[in-house]
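*Asks:* Residue numbers (my numbering), protein chains in the order written: chain A, 13 to 296; chain B, -18 to 273.
None of these hints come from the bench; they were simulated from the model.
On a predicted model such as this, the values are computed, not experimentally measured, just so you know.
Some hints here could point you the wrong way.
Only part of the chain A face toward chain B is listed, based on derived beta-carbon distances under 7 Å [said to hold, decoys possible]:
#1 P102
#2 P106
#3 V112
#4 S118
#5 W122
#6 V135
#7 Q136
#8 Y164
#9 G166
#10 E167
#11 G171
#12 Y214
Beta carbons are placed, not taken as given, at the ideal position from N, Cα and C, and that holds for glycine.
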Amino acid sequence: MSEAAAAVAQHAAKGAIRIQNVDKVYYAREGRVQAVSECSLDIRAGEICMIVGPSGCGKTTLLNAIAGFHDITGGAIYLDGQMLCGPDKPKAEPGPDRVVVFQNGSLFPWKTNLDNVAFGPVVQGRMTRKEAAEKARGMMADAGLVGVEHNYPGEISSGMRRRVEIVRALMNDPKVLLLDEPFRALDSLTKSVMHEALLEIYYRNKVTIFFITHDLEEAIFLGHRVAIMTTRPCKPKKILDVDIPHPRNYSVLTSPRFRSLMEETVSAVHEEAVKAFEAGEKEM
Amino acid sequence: MPDGKPATSGGEIGAWEMVLYRVSKWLRSPTPYLMLVGFALFFGAWFLLSEVFKVWRFASLPGPRQVLLEWINPHPVYGLSLYTPDYYTHVWSSLRRVLYAFVISTCLGVPFGLFLGWSRNFREFTFPVFETLRPIPVLAWVPLAIVMFRADETPVIFLTTLASFYATALNTMLGVQSIDQSYPRAAACLGASKWQIFRHIVIPGALPFIFTGLQISVGVAWFSLVAAEMVSGEYGLGYVINTSYVNVQYPVILIGMISVGIVGYASSALVRLAGDYMMQWRVRELALGGGR
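Next comes chain B alone, as it looks inside the complex (with noise of 0.2 Å):
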């Protein structure tokens, strides 16, 4: 860090502030150019496979050209573009189950990670069924999600939660466990209670982990809505890209599938965010060690 400003100024250094400084610090460097450059590489080498060389077994597929033509197209081929309202209907529908799945499995997660770290005991008698019930795919808990939740919405939502919640539980529980004991300590020393040093020592202790947890686990609720949403819903993008495979659509399937891509990556972006603010002492710490 050339100009050492965030760190030794002293002062108090808002959020705000720190995020311009991120942020200008950041299209100063290499990093946003090489992202371009990356994604230019990779649509130009789908570009050229798939319409201009047509490759063996690219030829089949839709080209970029043609999925960004039909996307924008105000009077799409297939029925689905950025001037569709279905369109939005469907991103809509993913994103509120996403939400909603978020939010359950992270106000389920967090405190059962904590707990899981914090108390030995609990851990004995809870870690053992959770670590059996983890390894079982989403898909497999399908049937059994029609069966339970008669509803449209809430097998879909159910089974988004799933993964997410073992992301953020089992993070959780890491992030408790790798607080070092001098912490506790220290602040048994200085009079806290089991509860305070809960509070003020295991809670922000463990965000760092928390925050990869949930990062981890918004990536995952993406990752098994679009499978929840193939075997049931009428609405969502893991519904389009199944239906317009059906129907021998395929730049729509495309379409859905860089639909999803987009918002997934806005939303641990999102996240990100959130951790960053949330833990400024962090992001303080890395920009004085010259990190990110």
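So that you can see chain A by itself, here it is in the shape it has in the complex (with noise of 0.2 Å):
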């Protein structure tokens, strides 16, 4: 257990994310585009930390910089001091450090769950097959995942999938989980037991978790800071710190200090959101 413990406040120290005057331009069929833009923000160790933005905003290319799909034109990112991306190297390499969670989903459909769990270990040729298997097992059990290691992820529900894939995310002992609207296909009561299961599987593992979201709610009864983003070029126009104390659960909801939190930043959040339509919202 003491050994546990350590590890937790091991990882608690690990996954810093600096992100430093990023610019990220692109050129799409109406042109230049300016899709981040002298982005700064500093993610701490550890922390969830909820990346809010209308869509479109240019949140998904920040995610895609840190995770390695993609370029920037301009800044740098750092994990932990070491720089994934900068002036002489635009693009970062993906790694198992930084796992995304994608917003569609992307479980191996041909594969088992088990076997998508067991995936990361193996392929790095950290653990063997059985190895993986067995920690896999550990893991999912632990996400009250028990019966469908052997199921493929077509056969279970849409929020189970979510939750194999955040399992299948942290066997790789991430320092940061990227979450791109992991949530956003689930219906909302879905969705509330999602919450609480991620806060769950966080607790236990602490790991850093940028999370982008466009649901305030979401993002406040989550996370222990929420960024506010503008729309095109996408960069942080207030950051909130949620000063309601972890461990969460649903009843935060009702609570006022939560309601007050939520009506302080549901007008800068609609003021991006209106600019955004105006603009044409456009989907990357």
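Put the two chains together into one complex, using the hints given.
*Replies:* Right, dumping it as structure tokens:
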């Protein structure tokens, strides 16, 4: 137990992301697009940082830059003081220290849930198939995923799929989890269950969470901090400290503090949403 | 799916159990009976048109009764029936050629298609050539095939392979291109190398399209085989059809045609089964969705 506690403590010290003056320009059919401009944001190790902005505001561009799917055209991003991408190296290498959970889910449909979860350590050569399966089974059990190991992702509910995907990411002991609107496609009841499930997983693993959403309620419920982004170019407009203590559960939603935080931010978000709408909402 | 059995029982379901389950479900559905009705209507119409009413233009066509009697005749009028060893030699030579052609076109077409879909550079310099060659019909290749391969078997196999190869390669390429971008990205995040992504994502991800391609490919193989056999060779169902025409043995033409139909149907059913076997995930997903 003390070993586990030590592991948590060690974990909490890792996974600080520094986003420094990041620019991203790309050329689309409508011409030059400045998706991100002069964006600076410090994400502390072990915190849940929620990124809120209207659809197409450029927040996914930021995530893609951290994950290493896209290059940046200016500035730099550091993970624990080490440069991921910057002036000399515009595109980061994707790697298991920063695992993405995608909007529409990306469990491999041709692998069983267990094989999906075990995938990371096996391809990295860190574990044999057997060891990885063993660990995967344990982690799935911790996340309440028993009895679906040998099912394919297509056979289980979408809420369960998301949980499997998060467990698959955590199998790699990542420093950072990058969540790109992971619960967007879920109905609101499943979503509320998933929020608590995510927090529970987080309390056990204490990784840094970079969570993109356009749902303000979700953001305040989950986050230590909420960064409200401006729309195209994307940069922080307002950073809100959510001073509701963790661990949280759903009763928080009806607390007066939660309400006042919502009131404090809803206008800022709405303003950006209107701007995005007027600019013509475009998904990237 | 009323009883929800294969999807929710959770544990491991063997491939065989799955097949048995599907067969029994199939027998309880109207599908097989509708199929029989379809065949009955088809042969009934043919029978009425050609043998009973002798409708204009159908009168010169051999009727199904006449064909059937010749086919099962121990002493066939035209020398070819289920009782003559020649019949099996013809079926077997055609089957063997299709098998060769199918194996060759699959072994070449799948990797070729995978690289076409996977590597942009490779696609850019090979695809235009590929697309130029593809519309050239098999029959147009006959003279070249005979000039290039002087033996008896090889030109026929070459011609048969050609069209199958196009179908397999093209579908495989589309299969790779159809893979959701988030899969390779997720795999890269989880630490997979380029080669591992190819093995664990690209190949299985393209598999549904590959098997569509393979089913088209066997069909096309029979199609072009018969054309090729009509031009060269001394055995095979295509050869039977052509020589019977020359010798005015019309029922034998029909025996050849129906034989191609039956063996062709069986071979694509086999490919479909192999596909289901290799893509259990898809079979189960479809079963869950209430599909076939």
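*Asks:* Does V135/A hold up as a contact with chain B if the rule is Cβ-Cβ below 7 Å?
*Replies:* holds (4 Å)
*Asks:* Just to be careful: measuring from the Cβ of P106/A to every Cβ in chain B, is the smallest value less than 7 Å?
*Replies:* At about 4 Å, which falls below the 7 Å cut-off, the nearest Cβ of chain B leaves the hint on P106/A intact, so it holds.
*Asks:* Restraint: V112/A near chain B, CB-CB cut 7 Å. Satisfied or not?
*Replies:* Holds, because the Cβ-Cβ distance from V112/A to chain B comes to roughly 5 Å (cut-off 7 Å).
*Asks:* For the hint on P102/A, does the least C-beta distance to chain B fall short of 7 Å?
*Replies:* Because about 17 Å separates P102/A from the closest Cβ in chain B, which is outside the 7 Å limit, the hint is violated.
*Asks:* Identify whether the interface hint at E167/A stands, where standing means a beta carbon of chain B within less than 7 Å of its own.
*Replies:* holds (5 Å)
*Asks:* Hint check: is the beta carbon of G171/A less than 7 Å from a beta carbon of chain B?
*Replies:* At about 16 Å, which exceeds the 7 Å cut-off, the nearest Cβ of chain B leaves the hint on G171/A violated.
*Asks:* Can G166/A be said to touch chain B, with a Cβ gap under 7 Å?
*Replies:* Holds. Min distance 4 Å.
*Asks:* A closest beta-carbon separation below 7 Å is what the hint needs, so does W122/A meet it against chain B?
*Replies:* Nearest chain B Cβ about 4 Å off; hint holds.
*Asks:* Does Q136/A pass the interface hint, meaning its C-beta sits closer than 7 Å to a C-beta of chain B?
*Replies:* holds (4 Å)
*Asks:* Could you check if S118/A really has its C-beta closer than 7 Å to a C-beta on chain B?
*Replies:* holds (4 Å)
*Asks:* Against chain B, is Y164/A within 7 Å by beta-carbon distance?
*Replies:* Check passed: Cβ of Y164/A comes within 4 Å of chain B, closer than 7 Å.
*Asks:* Mind checking the CB of Y214/A against every CB in chain B and telling me if the closest is under 7 Å?
*Replies:* violated (19 Å)
When held up to the earlier numbered hints, the structure conflicts with 1, 11, 12 and fits the remainder.
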